[in-house]
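> So the chains spell out like this:
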Amino acid sequence: MKRTYLGEFEELVLLTVAVLEGQAYGVVLLHELVAQTGRSLRLNQVHSALQRLEDKGMLSSEMGEPTAERGGRRKRLFKVTAFGIRTLEEIQEIRSSLWNRFTNPKTDPSL
Amino acid sequence: MSRLEQPTPQPPRWADRLLEWFCAPHLLENVQGDLHEEFFYQVEQIGVQKAKFQYILEVLGFIKPFAIKRKPSPYPSSTTTFHPTMIRNYFNIAIRNLAKNRLYAALNIFGLTIGTLCCLYILLYVQDERSYDKHHTAAERLYRVTTELNFPDTKDPHRMSTCSPPIVPAMQAEFPEVESSTRVVDPAPFGVDRYLFKVGDKVFYQNTGYVVDSAFFQTFDYHFLAGNPKKALNAPQSMVISEALAIKLFNTTDALNKTLKVTGQVEEETYRVTGVFNNSLGKSHLMPDFFTPMNSRGIGEYVRSDNSWAGNNFLFGYLKFKPGTDVQAFEAKLAAFIERNGGDQLRQMKMQKKLFLQPVRAIHTSAEDLAMSKGTSERFLNMLLLIAGFIQLVACINFMNLSTARSTRRAKEVGVRKAVGAGRSSLMGQFLSESMLMTLIAVGLAVPLVWLLLPLLNQITGASLSLQLTQDWSTWGIIVSLVLLTGVIAGSYPAFYLSSFNPLSIFRGMRDTKTSRGAINFRKVLVVSQFVISSVLIIGAVVIQRQLNYLLKEDMGFEKNQKVIFPIRAEGSRPQIGSFRNQLRALPEVNNVSGMTAYPGRFVPNDISMYKEGESMNSATVIRFAFTDEHFVNTLKVKLLAGRNFTPQDTSSDFSKAKVLVNQTVLKTMNISQEEAIGMVLRSDREGGEQIQYTIIGVFQDINFERMSEEIKPYMVRIASPQDLPQVIADVTTQDYPAFVQKAQKIWTELFPGAPFEYLFLDQEVAQLYQAEQTFSDIIGTFTLVAIFISCLGLFGLSVFAAEQRMKEIGIRKVLGASVGSLTGLLAKDFVILVVLSICIASPIAWYLMNLWLKDFAYRIQIEWWIFVLAGGIAVMVAFLTVSFQSVRSALANPVKSLRSE
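So the sequences go chain by chain: A and B.
For the first sequence, the residue numbers in our numbering are 26 to 136.
For the second sequence, the residue numbers in our numbering are 284 to 1185.
The reader is advised that the hints may include incorrect statements.
List of simulated lysine-lysine pairs, DSSO-like, C-alpha gap at most 27 angstroms [as the list claims (entries may be wrong)]:
1. 701/B with 104/A
2. 544/B with 1029/B
3. 383/B with 1029/B
4. 81/A with 951/B
5. 485/B with 531/B
6. 347/B with 335/B
7. 104/A with 485/B
8. 383/B with 335/B
9. 1112/B with 1180/B
10. 104/A with 81/A
11. 637/B with 996/B
12. 996/B with 1138/B
13. 354/B with 616/B
14. 354/B with 104/A
15. 81/A with 1112/B
16. 352/B with 81/A
17. 920/B with 1026/B
18. 637/B with 616/B
If you anchor each label on the Cβ, the simulated ranges turn out as follows [to be verified]:
19. 611/B with 76/A: 39 to 49 angstroms
20. 340/B with 88/A: 20 to 30 angstroms
21. 414/B with 80/A: 56 to 66 angstroms
22. 85/A with 669/B: 50 to 60 angstroms
23. 108/A with 699/B: 42 to 52 angstroms
24. 703/B with 80/A: 31 to 41 angstroms
25. 108/A with 308/B: 24 to 34 angstroms
26. 80/A with 760/B: 18 to 28 angstroms
These are computed hints drawn from the structure, not numbers from a lab.
Every residue gets a Cβ at the ideal spot worked out from N, C-alpha and C, and that includes glycine.
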């Protein structure tokens, strides 16, 4: 089956969106990611990742309420789609199975 | 609240603008919102200054494809934009629009027609100039041998298009790469600038004839109407003549084997016609009236016997290489070649010589770098093209300005079209086809006009162009590309601007003030650039004209007005020159008569290297000299600074000992003071130990014998008897020149019955030296007028429009008591300010360009401030007159008319 792969940063963004539960938009995501990873990031990286994820169908978005500090501009709020969640779960599954084999090498049936 | 006391910090405006410009509209709100939110967050965290800096970085970070890429339109652009029916419709609408706005259409078409006229002529001219020598079958294998000489006492190498006689035959013999070669001698610089032809009882002068090797027609291609090109120049005393000359001599081109008698400088020779050619294959830089073979008597004989590898660089040498020859490699072998053959001679003459190859195809357009070459220069042609481009641009700007200024009138049309589903591309197509139609009409008018005006334009440029539309596809190429280019340039901005209107705001009656202010500013920029171009041209024209006047009027050291020259060429006339002079002198109009071998204004062919007492040939100075007599000083009003004039007793037949008058430059160059000069002996060593000794008896003020773009050279005159001075110069005072000329002719026909009567005016001969500058001045002058005229057409259109728009305002002002004068001023002010601004911009540009041009002249004018003021005055004046024509009209209009309809 042909499936879409996620980059490391995309995965982080997708997870963070999922964590923020419908309140995720550009600046909040940026701050959250910086706080969690300690990397120095710029908004354009977050925006481009969000756009790619939306193109892949893992995120959906809608326009939220305008706020004063945004100069009356609306924010774009992101949600993870079912496909996004499934992808995250698949990644998690693969990782944990690999971790399992890494930490308990004896139990690996193929050896 | 502290917010009220302190203004809220704002992100840098320009960065915001930049973002708004590049970011895709559907992303902008979110991106900008996030950026602002982040900015205010950062203001709290790290302070305003750092936050601003961060903001700029963030904005720059968004210059990425994902943010720039626009969302595809939900309404895909119509596939019918370029459908034939649509295109027909575009043109239909365009024609109706033109018919509705006649004044604007007329202004636009008129401007474009004149612009195209100039453009087309210049393009034809440049194409013609570049077409020289492209037609030879082996054109890319033809090269001319050029020479560079280095003397120990001069800094710059002397580069010329000629070479020494034995060089080319030796190349042919030594190098297998050379397929054929020919030498060409133009005897004109050596005084043989006219030939007296005699056929039966017909006698007349013909200007140019070249002496060439017999392989000439195997090297170059000429179309032969009669005769065999391969054999035509094999026999001595044969002659190949041009079609025009054949018709002049024999009334037919079928002139084979006819004989004719020709007199050059000295003897009469008999020639037999072996070929008749014309230039129907293409133009060539070698296009004389006739060719004679090198193996004839006279110059040919001299060339054949000459073996000087160093000096005598007076003939043109051409090589035709075999196909596939590496010309650069060949050129590299020439240093060894010249050393092998002429090394000893060069060392003896203390000079170095390098040989180069110049492609024959490039000869006509690279005349300026080399001495002894005729033609034009690539720089001049490029300059012409640039001017043509500018003029057409000025005409295009008219179109842009008039159509965008009138955009409000067409806004509704655009709105309706958009509302019923016209895409932007089809609107652009419509406006572009309007400009295209305009251009088509303009070019359609310009082509026959060019054809009609060709004789007049040819007079300005001194060319002989013809418009051959039937056979020459490249002319059509030029015309078509001119239409397309002009149409697109003129139409693209209006099309872009008009099609950008938002239908919603048009119908709500709102005008998008931001874009319309932008458009007005852009129009101003365009008007300014039009007048910058015009002003640069005005300043250029004034400077060139003044430099030319300076060259012609400046004291050249001698009187050139009221001098009549009688050149005596015919064989057997010489003994009578003395009596001719005496009879001339007896005429009441004549003050003085002298004779010279070369009068001022002509190339002085004779020179001799001389050194002063106590030095040797190693430090000799090259001095040019001419022969004259004791009347030279009085006839030409040359000032003697020291010493005495000639007396008839000074005449001596001994070539090696003579008395001379020298100019100041001789003293300067040889480092002699005026006091010690008189009586000093100058020497020159000849081969065989012979020594020449000239005694200085007088010093005359420097006179300009050549173009004043050159520095004055060392120059001297020595005395000879009248029969050796074929250029008779008479100083004449009369109001009635025709009567004087008639009297002179009577004397002439009595004394020289066989020779056609000829006379020249010295001032005209001197003016001839500046032919190129005169042409340049005429061209610039013409184009300046054209550019100003076209700019004014546009200005007039804009002022009509402005007056129309402000009709109500003017009415109200008038009712409230404004005078006609103040209203005129009000309307004209806007435009005059623009023109003043453009002069400020144009002045430094023109100053720079004209200094560049003036640099080539040894004697030149200073560009003074008043030239800019004058040019500015002219431009403002013309602009004001144009604008006030309309503003006075609207200021005079009855306010009742403009105000009652509301």
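> Could you run down the list of hints and mark each one as holding or not?
Hint check:
With a C-alpha separation of about 38 angstroms, the suggested pair residue 701/B and residue 104/A falls outside the 27 angstroms cut-off, and the hint is violated. Of the supplied pair hints, the one linking residue 544/B and residue 1029/B holds, its CA atoms being roughly 25 angstroms apart against a limit of 27 angstroms. Under the criterion of a C-alpha separation no larger than 27 angstroms, the hint pairing residue 383/B with residue 1029/B is inconsistent with the structure, at around 70 angstroms. With a C-alpha separation of about 89 angstroms, the suggested pairing of residue 81/A with residue 951/B is violated against the 27 angstroms cut-off.
A distance of roughly 10 angstroms separates the Cα atoms of residue 485/B and residue 531/B; the hinted pair therefore holds under the 27 angstroms criterion. With a C-alpha separation of about 21 angstroms, the suggested pair residue 347/B and residue 335/B falls inside the 27 angstroms cut-off, and the hint holds. Between residue 104/A and residue 485/B, the direct Cα distance comes to roughly 107 angstroms. Violation of the 27 angstroms bound is thereby established for this hinted pair. Taking the CA atoms of residue 383/B and residue 335/B, the gap is about 54 angstroms. The hint is violated against a cut of 27 angstroms.
Distance check on the hinted pair: residue 1112/B and residue 1180/B sit about 24 angstroms apart at the alpha-carbon level, within 27 angstroms; holds. Annotation: proposed proximity of residue 104/A to residue 81/A holds, straight-line Cα distance about 13 angstroms (limit 27 angstroms). A hinted pair counts as satisfied when its Cα atoms are at most 27 angstroms apart, and residue 637/B with residue 996/B qualifies at roughly 24 angstroms. Between residue 996/B and residue 1138/B, the direct Cα distance comes to roughly 19 angstroms. Compliance with the 27 angstroms bound is thereby established for this hinted pair.
Our distance criterion of 27 angstroms between C-alpha atoms is broken by residue 354/B and residue 616/B, whose separation comes to about 65 angstroms. Among the hinted pairs, residue 354/B with residue 104/A is consistent with the structure: their alpha-carbon atoms are about 22 angstroms apart, no more than 27 angstroms. For a cut-off of 27 angstroms, the pair hint linking residue 81/A to residue 1112/B is broken: about 61 angstroms separates their Cα positions. As the CA atoms of residue 352/B and residue 81/A are separated by approximately 17 angstroms, the hinted pair is consistent with the 27 angstroms bound.
With a C-alpha separation of about 24 angstroms, the suggested pairing of residue 920/B with residue 1026/B holds against the 27 angstroms cut-off. Between the alpha carbons of residue 637/B and residue 616/B the distance comes to roughly 11 angstroms, so the proposed pair stays at or under 27 angstroms and holds. At roughly 57 angstroms, the beta carbons of residue 611/B and residue 76/A sit outside the given window of 39 to 49 angstroms. In this structure the hint that residue 340/B and residue 88/A lie 20 to 30 angstroms apart at CB holds, the actual value being about 27 angstroms.
As the Cβ distance of residue 414/B to residue 80/A is approximately 59 angstroms, the hint placing it in 56 to 66 angstroms holds. Separated by about 59 angstroms at the C-beta atoms, residue 85/A and residue 669/B satisfy the suggested range of 50 to 60 angstroms. Evaluation of the 42 to 52 angstroms hint for residue 108/A and residue 699/B yields a pass: the beta carbon distance comes to about 46 angstroms. In this structure the hint that residue 703/B and residue 80/A lie 31 to 41 angstroms apart at CB holds, the actual value being about 35 angstroms.
For the pair residue 108/A and residue 308/B, the beta carbons lie near 28 angstroms from each other, so the given range of 24 to 34 angstroms is met. Separated by about 48 angstroms at the C-beta atoms, residue 80/A and residue 760/B break the suggested range of 18 to 28 angstroms.
Hint check: violations occur at hints 1, 3, 4, 7, 8, 13, 15, 19 and 26; the rest are consistent with the structure.
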